[in-house]
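Peer 1: Residues per chain are reported as follows:
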Amino acid sequence: MKKILRSSEFFVALVVMVLCIIIGLINPVFFSWENLFDLLRSGVVTGILALGCLIVIVSGGTDVSFATIAIFAVYLASKILIAWQFDGTVLVAFLLSAAIGTVLGLFNGALIAWFRLPTMIVTLGTSSIFRGAMLVFIGTFIINKLPQGILAFGQATLAQVSNANGAVIGLPVSVVIFFGAAVLVWLMMKYTMLGRGIYALGGDRVAAERAGLNVIGIQLFIYGLVGFLAGISGVVHASLVRNVNPFDLIGTEMNVIAAVVLGGARITGGRGTVFGTILGVMLVVIMNNSLILLGIPSYWQRAAIGVLILLGTGITAWQSKRESAANLLES
Amino acid sequence: MFDKLPSITSFISRDRNIGRLLGVALFILIILSILNPGLFLTVSNFKSMAYQLPEFGLLAMAIMIALLTGGIDLSAVGIANLSGVLAALTMIRFIPQGAAGWQITLVIGAAVALGLVIGAICGAINGFLIGRIGIPAILATLGTMQLFTGISIIITKGYAVLGLPDAFLYFGNGTIGIFPVPLLIFIVIAVLFALLLNKTALGQELFLMGTNPTAAKFTGLDNFRLTLKTYMVSGLLSGLAGLMIIARTNSAKADYGASYTLQAIVVAVMGGVDPAGGAGTVIGLVLAMISLQFLSSGFNMLRVGGSFSNYFRELVWGVVLILVMVINYLDAKKRARTPQESGTDAKAQMPDTAAGAGSAQK
Amino acid sequence: MPDQILNVDNLSKSFAGVRALQGVNLTMERGEIRCLVGENGCGKSTLIKVIAGVVQPDEGTVTLNGRQYRQIRPIDAIREGIQVIYQDFSLFPNLTVAENIAFNYNLARKKQLVNWRDINRIAREAIAKIGVDLDLGAYVEDLPVADKQIIAICRAISQSARLVIMDEPTTALTEKEVRALFNVIKTLQREGIAILFVSHKLNEVLEISEKITIMRNGRNVTDGNTAGFDRASLVKHMTGREINETNAAIVPQAGNGSVPLLQAENLSCRGRFADVSFSLAAGEIIGITGLLGSGRTELALSLFGIRPADAGTISIEGRPAEIRSVQDAVRHGIGYVPEDRLIEGLFLERSIGSNIVAGTLRRLTRRGLINRTAVGAQIRQWTENLHINTPSPELPVKSLSGGNQQRVVLAKWLAINPKILIMNGPTVGVDVGSKAEIHQIIRDLARQGIGVIIISDDLPELLQNCCRILVMRKGRVLEELPTEGLSEADLTHRLSATTPAPASGTPAHSGQRKQVRPS
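Protein chains in written order, with my numbering: chain L, 1 to 331; chain B, 1001 to 1362; chain W, 2001 to 2519.
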């Protein structure tokens, strides 16, 4: 029990609750169904990306290319579907986009696993390659006429609520995808040797190799999975905004990484949970969306996110510094 | 480094990387000259490169010094823009109509000083977060990037600040003889920077800390102060870059140069800076910059559908970065196999794999 | 399953041109308890890593259970039943005790799904076998070193291994725990498991093993039944010379003045050591020893300012000294040659010269810029004085052998002209010749008036060089023993004692680990 109280996840949960209460007190609209659905809708794409990001961070790496992979995958997939004049189920769009994303992710994985290159800089480079390739070879125009399947998916709702103006706000079905993905990732991380291997790798890479883990295989899997999730989140994004704009999503990496780190994952690897990541995503989404509710103009947003990242990572870093000083070199 | 002054040839052959870079720069120069003789080898082309290179070069140096110590500064562009915005606003706000020459000079001086001070303060914030609080450099500078850019946005509300005094614009567009002023400024700063790194105790201690911060601590080096100074220098250089940007473009924007960060990292890594810290030369950086600047101009000439060249350039930067790192890796692997000292003593502790145990992933 | 579990044939391995192994042979049969003996740097660790599949040999073959391998991966070795307890434990700090112990179990069985109840059961059984009580849910990174060593042992025995290799498994264990480990080894032997036990503690070697293999400089020297060896012959084979282990310690005049060079009073650092008092006179060499986890390194780190003490005082030459940072320590003339020279002492990629002047750069400047002639002079001075064997000081320091590297670290500290030199494990990983030379250098330093503190678990080293030895246990100084007339056997015994010889002083606390009688 003590361990739960001391865990970072508990701390974040506390912060989220306090934040909600404060914002709610200032502007009770925060607690309306309409706002809740809005928050969930905003959080879905970030959330799916954050799951992939979590896995990478737990393994000790940092990936900054997932947003680019997401938009690349859905853009290419949409172009293909339009060329085929495919109007069927959205499942095909998901599969296609996920496949493209996986391939791009494996490209990252290969560079990282075989050439042992520093992950952040490598993914900075590949992000550039993917973006450049997309804009040069695939196109730069916004696709407004989405394949029917994607459109329909985006409009499907789990529940609906009407607000004061009579407009109907729906809870998009994609939320199910997010929670489904979260459950699957959680199961994988906690109950399979693959998942435990990811934690081991993030804890001590040398020990992982000595223990007989297939480090290269694990890394390929991780980055492939990140690509897969990115592909899926791309389709979800397109369905929600009802177009595919190749300039979307890029730049949101910060938000996602912030969410994962605020949720208690250690940037150096080895620690982090799905539950924590969900909390972190909630925190970031609430911050992003509530500025308006609080009457703060939108151009304060970037600075606010910056402060949030610094506060969150600062507190975690300060805590772990004090802990590690306590555990210094024992002989 | 402690030898007598080396001759040019021994210098080049001593660092194979520099020799290679020189070769690459010349190669690109020749190819582009052949492909586009009329456009490339013109004075005007070199001139336009010479005006844009300096601001980028300063940012690259800012990021380089952070990389040298094993960190990174992703907020350099944000600091540059903030400095530029504040300096620009100072000049516009405090130069009344028909002001006397000396008044204008005074305000410009104050604005420049302000820009530099802001750069140093932002850098100090970075240094404090990384050195004292212990936030990993990636996260800290990711956060401060948002913060500094965000502050610029709040101040400018997203609009560009225009209308700077002519006297100031001289620094971005004027010439002394045939040399563009910004280029001269850059050369002076680059020389001072190289001097700092190679010939001062501070510079050498930075390299030591970047190579092994634990050993640095155990040797008595003050890691916190070194980190603070590193990021302050980085911030100062970024601030100066920001001033040069507004001097050249006559406008200050909160989000100028978003792609500069990646380019600066490419240039640094290509120039021989070890992303894990501990190695790098200014000459290498400059040669890499020149090579990429040639490439960049070359792309400008491939005008297909307007902005095509921009995206293509981004693609190429990414490829160059990855290629350089892969080549460095293969190179290091090959060198690990060659014998270094003759002797039959076996070492007590050996790395398990070629790249060495404990190689940190960033 | 064949009786011969392991057959290493003509194994050779070099790292960057330095020969670690040369034509090494080794065999292990079912139920055999063999000790691998040799000085630091003889190639033991490399041999183990080859057998475990972590390092690939350049020449030679390794045959496991009758299957010959040219290239082994760690997972192959594990599946063939090879379990290794590494000197650095190789645990996962971010995982729990239970998960660490059960990790290899799941991997070896190619299990894909994780059953947490099984993990806890496996872990419980393993620690019961050793006879200790640990919190299975604790994270390994939060635990003290001694617990980590036990967890590493538990992990190795928690599954049906055929060969368990133990690399210096007793460095943190008390005599009682060593006894428990030996019982476990005997139990394993009865189950037909072979044990390869690597240790430099010769009494343990003679007690537990049935066969001994001795290595030196990467080669086999000899091997045979334990009955045919005694301490002297072991030492002779290990070092290649007759070393009289009862060398009279050179006792320098204990202090010329009444004011001691360094005086520590009641130094305490919460959670690490408490109530430590001792004094050091100019020209004296004293030793500090104790088991791994006794607080000896923490004490050094406090004296050096890395982790300042919470309470107590330090006086230098009679005046109180505030040591809250390394800069403070250096200012007071204290130098520290660290335990782990590769990580704490050297800048491996930098040149030898660069390493030597690393601590004195600020003093070698003229008008803000580095004075190259002064630097060059200093480098030359120290490479000559300490006989650092290298064709050029421009070469990276990682190209040097262990002995030469240690001299570079020493040079770095001597360059600042320290008054007090603390040396932690000064000859670990250093070849025999360099070891003697380094001891000579230390004695010369003492003769020049420098006060030296040697922290080591190499008891002969302490007995030969120090005039007094402080024995630490669980963070307290148990006793201070003059070396005159002290034998190694005595000293070993004192290390594991819980009370000082004349029953005075506070008994050390028993710590968190409860001793359960082994079943």
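By construction, these hints were calculated from the structure, which means they are not laboratory data. Since we're looking at a predicted model, the values are computed, not measured. Hints are not guaranteed to be accurate.
As the list claims (entries may be wrong) - So the derived list for chain B, only partly shown, Cβ under 8 Å to chain L, looks like this:
#, residue
1, 1142
2, 1144
3, 1185
4, 1187
5, 1189
6, 1202
7, 1203
8, 1265
9, 1318
10, 1319
11, 1326
Heads up, the beta-carbon is just placed ideally off N, CA and C, and yes, glycines get one too.
Peer 1: A separate judgement is required for each hint: does it hold in the structure or not?
Peer 2: Hints, one by one, checked against the model:
1. 1142: holds (6 Å)
2. 1144: holds (7 Å)
3. 1185: Violated, about 29 Å.
4. 1187: It is violated, given that the least Cβ distance between residue 1187 (chain B) and chain L is near 28 Å, above 8 Å.
5. 1189: violated (25 Å)
6. 1202: violated (25 Å)
7. 1203: violated (23 Å)
8. 1265: holds (6 Å)
9. 1318: holds (3 Å)
10. 1319: holds (6 Å)
11. 1326: holds (5 Å)
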